[in-house]
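Trainee: Working from the sequences, and respecting the hints, build out all of it.
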Amino acid sequence: MTHGMERSRSEGCLSDLKLDRWVAGELSETAVAEAQTHVDGCAACAERKRIFSEAQQDFAETAPALVAPKAKRTPWLWAGPVTGLAVAAAAALWFQPTETVRSKGGFDLGFYVQSGDSVRQGETGEKLLPGDQVRFEYTSETPVHLTILSTDGAGVISTYYPVSDSTELAAGVQVSLPGAIQLDATLGVETVVGIACAEPVSIEVLKEQVRSGDRLFPEGCASTEIQWTKVTP
Amino acid sequence: MLRRAMRILGDEGEAQEVLQELFIGLLQRPAQLPPKAGTSWFYSATTHACLNRIRNRKNRGRILEFKVFPAQTNVQASASDAVMVRQMLAQLPEEQAQAAIHYYYDEMSHEEISEILGCSRRHVGNLLERVQATLQTDGGVR
Ligand SMILES: [Zn+2]
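Taken in sequence, the protein lines are chains A and B.
Quick note on this note's numbering: the first sequence kicks off at 844 and runs consecutively.
Quick note on this note's numbering: the second sequence kicks off at 9 and runs consecutively.
Keep in mind that the hints were calculated from the coordinates and are not lab data.
For each residue, glycine too, the CB sits at the ideal point set by N, CA and C.
Do not take every clue at face value.
[As the list claims (entries may be wrong)] One side of the interface only, derived from the structure: several residues of chain B facing chain A at Cβ under 10 Å:
#	residue
1	Met9
2	Arg63
3	Met116
Mentor: Following this line, the structure appears as structure tokens:
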């Protein structure tokens, strides 16, 4: 088949990921030794290693100095109005040691709205229409059991996720949840709470906390809130 | 990262845009970034951002796709194949699409893919089998 989907590298060769990890200093000593042995005997990978190291070095040297506006074009840097910002961000994040400011225990919930034919990223506080479809996405640095509860304009609490039994979701960034919910005709402010727990938790327990307004979720749970207002077109 | 995004998207300008959006997003919402974000985290974030871009392209219609791709000569195989593959990626479920990108574009081993996706190697094998099945069906139609 010619789908542009054949793999080109021979089996023993180093993957880009391995090379990236190598130059980022993320490989163990044994792994480095193994990779070095391969590179010593493989001209193609030796050349790739050189290119990867150079790119990493350019990035490391240029980015923290915030001199991006005049940066030369390398695989890591690019021209454009927001380059300085983006590169600085990348550098700051990439080289940041273990301390990151995290507001919600590394968990976040976002959503997409399909309204008619258009799909857009939703923002908390926005106005939605009955019939709009909402799809959630989550970001979590650890595997989680996720529950999404909604309190609509009439005070009715419903479970948007999980649909049936709770399963553990993998860690990931902006991972879309399967399926979408279609908004009904109840107007007013709807509050959606996403609760991510390390262990499975009874949905009834969580619902009770949402209903009472206490929001005292079990230990090991992080929560975040989204609000929208349903209005008539 | 740019190199990867270009390979996946087949277009340098779009690859730059996607990465800039990703970085700016991280600046605005640092909570998205895990404390030990390393190479594999950036791989998976980039993959996800590229997939989103491919899907949005689909939403915007196909005109753009055909405008963008014929200009590409250095992308694997022929331009029309590349377009088809990306259209297929847009239709695959998230996990399968990610596995396909890591396998075909990144040429990772099953083990590396399982690390990035945070699942078992057997699951990776299953995902790729399903991708291949889709490829074969689509290839037949063509
Ligand atoms: Zn090699």
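Trainee: Confirm or reject each hint.
Mentor: For each hint, the structure was consulted:
Taking 10 Å as the C-beta cut-off, the interface hint given for Met9(B) holds, the closest approach to chain A being about 7 Å. Interface hint at Arg63(B): satisfied, since its Cβ lies 9 Å from the closest Cβ of chain A, which is below the 10 Å cut-off. This hint holds: Met116(B) has a C-beta 5 Å from the nearest C-beta of chain A, less than the 10 Å allowed.
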